[in-house]
Amino acid sequence: MIAARTIGKVFSQQHIAFAGRRAPVDAVSFATKAAASLPDLPYDYGALEPIISAEIMKIHHQKHHQAYVNNFNIAQEKYLDAEAKGDISTMVSLQGAIKFNGGGHVNHSIFWTNLAPPTCGGGEAPTGDLSHAINSEFGSLQAFQDKFSAVTAAVQGSGWGWLGYDKAAKKLAIATCANQDPLSITGLVPLLGIDVWEHAYYLQYKNMRPDYLKAIWKVVNWRNVAERYAAAKS
Amino acid sequence: MIARAIIKGLPRNLGLAGSCAPVHAVSFASKAAVTLPDLPYDYGALEPIISGEIMKIHHQKHHQAYVNNFNIAQEKYLDAEAKEDISTMVSLQGAIKFNGGGHVNHSIFWTNLAPQSCGGGEAPTGDLAQAINAEFGSLQAFQEKFNGLTAAVQGSGWGWLGYDKGAKKLAIATCANQDPLSITGLVPLLGIDVWEHAYYLQYKNMRPDYLKAIWKVVNWRNVAERYAAAKS
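Chains as they are written, first to last, in the numbering used here: chain A, 1 to 234; chain B, 235 to 466.
Okay, chain A solo, but in the shape it has when bound (with noise of 0.2 Å):
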């Protein structure tokens, strides 16, 4: 199905082929071959200090990311097993499941590329190619990023900020998306996210998640959103 495939790109060659047969899935067999598992972050949870608290990456990190992994490998394996069984009801009734934690995988398993430490990056304005279209479609960095922090402390509830590509039209853009929603579904390419659940800032920043945004730019790691801009422009 559409969710599991394109939301799932982990999968093994095993699964597409699966795809059809009536063999049932051995639930170990989906654990050890094709399930999605949690990304170490690429620093120590204490490296975005003070920006971002190091008790709010880890329990964000090994709390609820992983719990998104953890339920959605379960989602994925009640689907798998309720595909080969022919069982559509089932297989509809799991999107739900697969949407939201597969989603949260996927967002998460970007945002954490998407942050870095100073030493390492964090908070260097982009240069080149990237640097030309944030001024090309905003003006500058400094409305993009106000544009940005703006729109995305708007989201009513849990959701996400995203710089995306649009391939179609050539252009950056800037979206927000609901709960876990990836933004592919919106068709955009994911360039660079912010977590704006209250998970992702509380315990530091309380309710003021203006102030969480306007700090986080300190730590985004431009060099990542730039790979990302390039991949998706070719």
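Since the hints were made in silico from the structure, they are not lab data. Don't take every hint at face value.
[Unchecked claim] Partial selection, computed: residues in chain A whose CB lies under 10 Å from chain B: (1) His60; (2) Gly157; (3) Ser158; (4) Glu198; (5) His199; (6) Asn207.
Every residue, glycine too, gets a C-beta built ideally from N, C-alpha and C.
Chain A is fixed; fit chain B onto it per the hints.
Chain B alone, transformed into the frame defined by chain A:
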């Protein structure tokens, strides 16, 4: 319009509708604005179930922001209504629903909780107890079902015990974000906030632990009053 349904405290907009008198900002603020209700107890009164720190920020920051932003949106709405600017009236509905819903929901929530010294956590009795047993089997079964559904809310939202006037039955429902229960047609009796701000400082990611604990400060007397009013 939705604004009227949500906020019963406002004076009739109808007096303005159709006339072209501009709405003066100060006059709305002084006459018809919603205000933050006081908590019926001190910030620390629900400890150790809900910390004083959470209660204070939840009330003074989150609920206050819904009040402020509802008033701002509603004022713009009245202004647009006076000018018959329907595009603007429609564009404001998101802000009115979100902030108005946030005000309605939290206003109910504070009354749904009480310190144990004032009845918090004491099991319901009488009609309400009977209705819970009839619909769910037992209070325990109700709480487990409620918690299961509410813990599973994806993102921010609320778990509700509501009354279905049509079917004359209790019902459990969940709503996303600050959608008020009224959009489901149910009458709100008991709401539990599961936005992360409601528990995170104390319970971190453990929403199920928060839901398990909160029953110790649920003010069933208030829920019973709401039930009696809903049935009448």
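Going through the hints against the structure:
{"no.": "1", "hint": "His60", "verdict": "9 Å, holds"}
{"no.": "2", "hint": "Gly157", "verdict": "4 Å, holds"}
{"no.": "3", "hint": "Ser158", "verdict": "4 Å, holds"}
{"no.": "4", "hint": "Glu198", "verdict": "4 Å, holds"}
{"no.": "5", "hint": "His199", "verdict": "5 Å, holds"}
{"no.": "6", "hint": "Asn207", "verdict": "4 Å, holds"}
The structure shown violates none of the earlier numbered hints.
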